[in-house]
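Trainee: For this one, chain A is given, so just place chain B on it according to the hints.
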Amino acid sequence: MREISYMEALREAIRQAMEKDDRVFMIGEDIGVYGGAFGVSAGLLDQFGPERIIDTPISEAGIAGACVGAAVTGMRPIGEIQFSDFVVLAMEQIVMQGAKMRFMFGGKATVPFVIRLPGGSGTGAAAQHSESLENWFVHVPGLKVVMPSTPYDAKGLLLAAIEEDNPVMFFEHKLLYKTKGHVPEEMYTIPIGKSNLVREGKDLTIIATSIMVPRAIEAAEKLSAEGIDIEIIDPRTLKPLDDQPIIASIIKTGKVLIVHEAVKTGGFGGEISAVISESEAFDYLDAPIRRLAGLDMPIPYNRTLEYHAVPQVEDIIEEARNLYQGKY
Amino acid sequence: MAKEIIMPKFGFTQEESEILEWLHAEGDRVEKGDPVAVVSTDKISMEVEAPEDGILGGIRYQVGDNVPVTNVIAYILQPGESAPEIALDEPESTKVELAVAEQRTEVQVTPVAKKLMDENKLELDEIISFAGESKITRATVEAYLSANSLARTGKIRATPAARRLGREHDLKLAAISGSGPKARIQAADVTQALSGQKKEAITPALQKKTLPLNNIRKTISRNMLQSWQEIPQMTLQADIPVSRLEAYRETLNQSISQKSKKITVTALITKAVAKALQKNPILNSQFDGDKIQLLDQINIGVATALDDGLIVPVVHQTDKKPIAAISDQIRYLSERARSGKLLPDDLSNGTFTISNLGMFEIDRFTAIINPPQSAILAVGKKNRVFMPAEDNSFHVEEIITFTLSADHRVMDGAQAARFMGDLKSILQNAEDL
Chain A
1 MREISYMEAL REAIRQAMEK DDRVFMIGED IGVYGGAFGV SAGLLDQFGP ERIIDTPISE
61 AGIAGACVGA AVTGMRPIGE IQFSDFVVLA MEQIVMQGAK MRFMFGGKAT VPFVIRLPGG
121 SGTGAAAQHS ESLENWFVHV PGLKVVMPST PYDAKGLLLA AIEEDNPVMF FEHKLLYKTK
181 GHVPEEMYTI PIGKSNLVRE GKDLTIIATS IMVPRAIEAA EKLSAEGIDI EIIDPRTLKP
241 LDDQPIIASI IKTGKVLIVH EAVKTGGFGG EISAVISESE AFDYLDAPIR RLAGLDMPIP
301 YNRTLEYHAV PQVEDIIEEA RNLYQGKY
Chain B
1001 MAKEIIMPKF GFTQEESEIL EWLHAEGDRV EKGDPVAVVS TDKISMEVEA PEDGILGGIR
1061 YQVGDNVPVT NVIAYILQPG ESAPEIALDE PESTKVELAV AEQRTEVQVT PVAKKLMDEN
1121 KLELDEIISF AGESKITRAT VEAYLSANSL ARTGKIRATP AARRLGREHD LKLAAISGSG
1181 PKARIQAADV TQALSGQKKE AITPALQKKT LPLNNIRKTI SRNMLQSWQE IPQMTLQADI
1241 PVSRLEAYRE TLNQSISQKS KKITVTALIT KAVAKALQKN PILNSQFDGD KIQLLDQINI
1301 GVATALDDGL IVPVVHQTDK KPIAAISDQI RYLSERARSG KLLPDDLSNG TFTISNLGMF
1361 EIDRFTAIIN PPQSAILAVG KKNRVFMPAE DNSFHVEEII TFTLSADHRV MDGAQAARFM
1421 GDLKSILQNA EDL
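In order, the protein sequence lines correspond to chains A and B. With the first letter of the first sequence counted as 1, position 190 gets the number 190 in this note's numbering; the numbers rise by one all the way through. Quick note, this note's numbering runs 1000 ahead of the 1-based positions in the second sequence.
Simulated from the structure, these hints should not be mistaken for laboratory data. We put the beta carbon where it would ideally sit given N, CA and C, even for glycine. Only true hints are included.
Residues from chain B that keep clear of chain A, each with C-beta distances beyond 12 Å, as calculated:
1. GLN1014
2. ASP1053
3. THR1210
4. PRO1212
5. ASN1214
6. ARG1244
7. GLY1413
8. ASN1429
Straight-line C-alpha distance at most 27 Å; calculated DSSO-like pairs for lysine-lysine:
9. B:LYS1115 with A:LYS327
10. B:LYS1155 with B:LYS1121
11. B:LYS1135 with A:LYS327
12. A:LYS252 with B:LYS1172
13. B:LYS1182 with A:LYS252
Just chain A, with the same shape it has in the complex (with noise of 0.2 Å):
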């Protein structure tokens, strides 16, 4: 099968889309020349023109509003914060109308937009262009959020946005845009709200979210040299959350270290952890629930300070074998 980055599936899954569904169109900064800040939209402009790939001034309120209004009127347009940590500047247009006009409209208008936000750390980029903020959506009644981790899920996630009729907020990852794996090359969707089974263990689960995914597999290579052997779920999906696999997969391991990228405090951890504490695998439990994360700062400008503010692998693998061994 062909193998393609996560930025060219996701390239290849707004071109199907657009050249299937006239009312899909892309707006955001730089995103017609230059391509985008990482190249997702590089080509676009050439094949559909400046009417459906949209250059906006520098003003993300501007995007997310032209979103909101475009797709209660009919379209599905996608939008694109350059950097997600400018997602501050647009929260009032996403969060007080996007997320709640089809609630307050009485289900009279459909919000179907969906806003790109590339995050993380690990270029250099510091604080203000580092940040991994997905959680701040999950708490927000009326949007749905989705954070792929390989090529595969980008292109089928995004599809499934694209034709999901609330907004969506599609947290991508810096590091994973040049990450390549298998994509096919028909359009496919992925089912929003529907988690992965990444590896198969009876040990310990891990769930890991976007970056922390690709960094819990080898971690988990590693451990299972030490007969450890792990089980990995990725969510895809961090709202709506797909809990019965979790769930399932503690109640076969009794143990879990949930790892992401986002500082500790108040991240999509704490939620995922007290959704385990209230289901039936909490009876499973034969350790406390673990969270590695972000540490709790701004992301450093400098690269060792910046590599340390995050999860790596070898965190993983040592949180990872200390839950195993009773060491925490």
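Mentor: Positioned in the frame of chain A, the structure of chain B alone reads:
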């Protein structure tokens, strides 16, 4: 001047005695001759008397201590006087206690550990005895707290999975020790406990309960081992009809109204054995290396079972005593034996032993010779059997099986057999006893 009370030596081979009881406490006024302590020799209890008037003090051994003979066990003091200082050769336990007391001053406690101890109102002593270390850190205190969490909080530290397994299998977690962090009980601990339980049902683990040998037990084991290893013992068995003996006993007892005075079967057998020994003096003897000593008295010991061992009080000059006297004496001795009041004389100079397990429903058994004696007679229970006559008719007869164990160094089978034959005819002609 303080007068020493020493552990008396009651017998030539005695090396130590156990203190069974202090009859007075320190500070009690006693008179010369007053018993101050009860001690145990090989088989019996003896009293230790105050050597002069005064006040008991300086008790140096506790109940249960085994004290070498002639060691000072306490003092008789005069008013205002105190017991002499402990001598250098005191038992080691005292030294250890002193050493521990000295060590305590050197215990190091880190400030964090101290704070944690204060917060939890912990005493240094309990932490030290828990950790057994001279440096107390936060980790020490935390380990102590978690190890004692059940006792301190009444709550069990266990994972939800462990609790669920406990519930499902109706297993109390309090009985399980946790292998997890801070002694937390994990699922594996419960599973292990459960598999242990199941195993138990098939092959119960061997549990040991230690019973220290008391002096009676020590003596019995020493004597029996010596007997078994050194004496070539032969055994001879005879079923002896006792119907006439029983009839004679009833006749005798008809004239005795007092129940406690009634003649027992044991008494009749003892008398019969004494008579048989008179005819066969070789069985009333001691083997003494290169010679055999025939004994001029017939002193038959009657084995008596106590809760904590076997004791053999002796009916002295058995052959010279009438049946009633023998019966009374056996009853008297066994009562004293059961109440622990036998005197050394009651146990000494036995020349032959009778062991009767008839009352335990034993048909027949073999006894081990009680050295330095040469023979022992084991008596079984009375059984009813069909006894054929010459003309092949039969009648019901009561019999007792007697088993003689005899020292083959002293006698041969024929001599032992003659004794048994004589015993049989004596018992069958009980009226002549």
